[in-house]
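Taking the hints into account, I'd like the entire structure generated from these sequences.
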Amino acid sequence: MTLDTTPFGVRARVVSVAGDGSTALRLMQMGVVPGAEVSVVKSAPLGDPIQVRVRDYDLALRRTEAQTITVAFDKE
Amino acid sequence: MTSLPEQAIYDTRTELHAAQKPLILAIAGNPNAGKTSLFNALTGLRQKVANYPGVTVERKEGLWSLGRDLPAARVIDLPGLYSLQATSVDEQIARDVLLGQNRNTPRPDVVLVAIDATNLVRNLYLLTELMETGCRLVVALTMFDLANRGKLKIDVDTLSEGLGVPVIPVVARQPDSIDRLREAVLRVAAENSGGEFDGATAFQVGTKSRRDLAFTQRVVSLGSVGKGNERWKTSLTERYRWIENIVNASVQMAPYTKQRSTTERIDSVITHKVAGPAILTLIMMFVFQTIFSWASVPMNLIDKFFAFLADATRGHLPQGMLTDLIASGIIPGVGGVLMFLPQIVLLFLFITILEDSGYMARAAFLMDRVMRVAGLHGKAFVPLLSSFACAVPGIMATRTIENPKDRLTTIMIAPFMSCSARLPIYTLMIAAFFSGQRVMGFISLGTLIILLMYMLGVAIAVIVGWILKHTFFKGPSTPFVMELPPYRVPQLGNVFHSLLSRVGIFLQRAGTVILAISILLWALIAFPRFGGPATAQQRTFQVENSYAGRLGRVIEPVIQPLGFDWKIGIGLISSFAARETVISTLSIVYNVSEDTDGGSNSLIDGIRHAKRSDGSPVWTPLVALSLMVFFVLACQCMSTVAVVRRETNSWRWPLFMICYMLVLAYVSSLATFQGGRLLGFS
Chain A
1 MTLDTTPFGV RARVVSVAGD GSTALRLMQM GVVPGAEVSV VKSAPLGDPI QVRVRDYDLA
61 LRRTEAQTIT VAFDKE
Chain B
77 MTSLPEQAIY DTRTELHAAQ KPLILAIAGN PNAGKTSLFN ALTGLRQKVA NYPGVTVERK
137 EGLWSLGRDL PAARVIDLPG LYSLQATSVD EQIARDVLLG QNRNTPRPDV VLVAIDATNL
197 VRNLYLLTEL METGCRLVVA LTMFDLANRG KLKIDVDTLS EGLGVPVIPV VARQPDSIDR
257 LREAVLRVAA ENSGGEFDGA TAFQVGTKSR RDLAFTQRVV SLGSVGKGNE RWKTSLTERY
317 RWIENIVNAS VQMAPYTKQR STTERIDSVI THKVAGPAIL TLIMMFVFQT IFSWASVPMN
377 LIDKFFAFLA DATRGHLPQG MLTDLIASGI IPGVGGVLMF LPQIVLLFLF ITILEDSGYM
437 ARAAFLMDRV MRVAGLHGKA FVPLLSSFAC AVPGIMATRT IENPKDRLTT IMIAPFMSCS
497 ARLPIYTLMI AAFFSGQRVM GFISLGTLII LLMYMLGVAI AVIVGWILKH TFFKGPSTPF
557 VMELPPYRVP QLGNVFHSLL SRVGIFLQRA GTVILAISIL LWALIAFPRF GGPATAQQRT
617 FQVENSYAGR LGRVIEPVIQ PLGFDWKIGI GLISSFAARE TVISTLSIVY NVSEDTDGGS
677 NSLIDGIRHA KRSDGSPVWT PLVALSLMVF FVLACQCMST VAVVRRETNS WRWPLFMICY
737 MLVLAYVSSL ATFQGGRLLG FS
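In the order they appear, the protein sequences are chains A and B. Residues in the first sequence are numbered from 1 upward in steps of one, following the working numbering. Residues in the second sequence are numbered from 77 upward in steps of one, following the working numbering.
Note that these hints are calculated values from the structure, not bench results. Some hints could be false.
Said to hold, decoys possible - Computed far set for chain B versus chain A, every beta-carbon distance over 10 Å:
| id | residue |
| --- | --- |
| 1 | Arg-212 |
| 2 | Asp-221 |
| 3 | Ser-236 |
| 4 | Lys-309 |
| 5 | Ile-525 |
| 6 | Ile-601 |
| 7 | Cys-735 |
Stated by the list, open to error - Simulated coverage check for chain B against chain A, where a stretch passes if three residues somewhere in it have a Cβ under 8 Å from a Cβ of chain A:
| id | stretch |
| --- | --- |
| 8 | 193-204 |
| 9 | 311-317 |
| 10 | 350-356 |
| 11 | 436-444 |
| 12 | 556-569 |
Note that the Cβ used here is the ideal one computed from N, Cα and C, for glycine as well.
In structure tokens:
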């Protein structure tokens, strides 16, 4: 499942970040790396961008960027 | 490191005292990590703001006292950066300074790394890169009190040992934390650095912890990015693992609670699907209202002051060229710039508060989708909105846009947002030709037309922006990825400092260009000299036969298709310096006394009754409309030209802007006038 289709409020972990360019670099520099805890908080009024909680802070991403992030759900 | 800490401090002090050479410090760190607060706490008012040559990012440098008998340390506040692998102009500058590759700034002796205690893991990423550059480092742990309040217990000693770098919690209002920072800096300054940064070779890392690092990637060579293999991702991930291990060992978090933080609670309203945009609209309306109405009082005062000054000058200095230059050229010219000051101060005040509180990021978040329709970035929203008051601070506000192409596009279209200087012209035209009429029974025609003018500006801006993004400024679209920082109460001291520097720069730069062109304009109207008594008729004669007047007649054939005659032409020429001057120029040309307070009324009469040689009126409602359209689209503001020149650091873009806007204005005005004639209006 990728981050753009992840339901709101569910905690997940990053599995991988696709792509080889500036977007992937930026995302990973900001801590979106395999193993990081993420959850989708909400989306902007028109559905895009979305607000994602990454460990200790909040990140705003466009859906196309969120699509590159594959996640897996925490088993509680 | 064999010497005792005290010995190291003593050694450093001795060396500094002997050499009398100031220690050079840089403050690096993530955006929103509290660098600027730290900088202000260290340097107080001993700050000076300059420009990084070649680019437009402000360079802030200040002096921090290290103790008696020692030269004060030079402290450089760097732009925020997430990583030395830079993606924006800001970050490149910071990186160059840190690596000693900036020609104008020497390599820092010690780097203070501001690390946000409430966001440790991500903030430490930069530190891992810095550790490999051989820079001497001290971590200033900011927001420490906030972290404690959030039930985050950080064992500073364990953290410091794990990282291999001194960690000093800093609370701005506690001077002893600053003292401890000072000691750490002096201690570290005595260390041998890890070596000169040399892109070609790997490093010898000095302390035990650093040798534990599983990665030896050199900072520059995450350069396998984009090359097809994804090795860089592995090393990047390893760094974060390393960081996490250390943080887990040093930090004890309160058990996870469902209780929402203050930021979350505020955001439930601010970024709510319905309330969010509504609040944004309200805030923007408030800002505008304030700028238009509150600023007008001081603006009028400044205006009157300069008028008084001009009269006083004429009264007290001997009659002659120089006096005239000062009274009719320099004073009105400079006064024209300074008149904007209240507006600019207010606008910057709001922008700074909105930025520092964290709201700006939410505004970009809400507006991004809409802006993208025009090919713009969400972060362009606030600068463009500000431009409705005045494009000068609006253009300066585009610094938050990292992508240079997106930023340039925004700068190029900002002047289309009808600024407050256009309002006097709109008002004059409405009063002369469209007053008293109503549409649909209750909306006044005048208001409707003004609204139309504003919308015209926005529509053209969107179209031009779209074109620019698909032609000149085409490029890979930059990621939107943007941090939404926690809400913080803006600190008054920081706001004040910010305001001071931004306003100072505005005055300094825009003022020099304006001054120069004011003098030029004065000369064009003052020469050739025609003698005679100083009557209103004489003044009019002077204007009509000066170089400016001749110029007006020369361009008359060109502007006739737009419905303008040569007198309007003179007004147009003068308006390129600043839009409102058209009113004063027209007043002179239409032989209206300058000191009539209801001057506009007489000007209105003059306009209504002006006749051509064949008896037909010069001005008609259609001509007025044509003129307004021209003013919506033409670039008629030296201050804007000056600030674009400054922000893009070349003359190419301001010239391009003047040209394409002129073409647009001409064509649109032509279409309006000729189209109107075709439709039967006169």
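Hints breached by this structure: Of the numbered hints given earlier, the structure breaks just one, which is hint 4.
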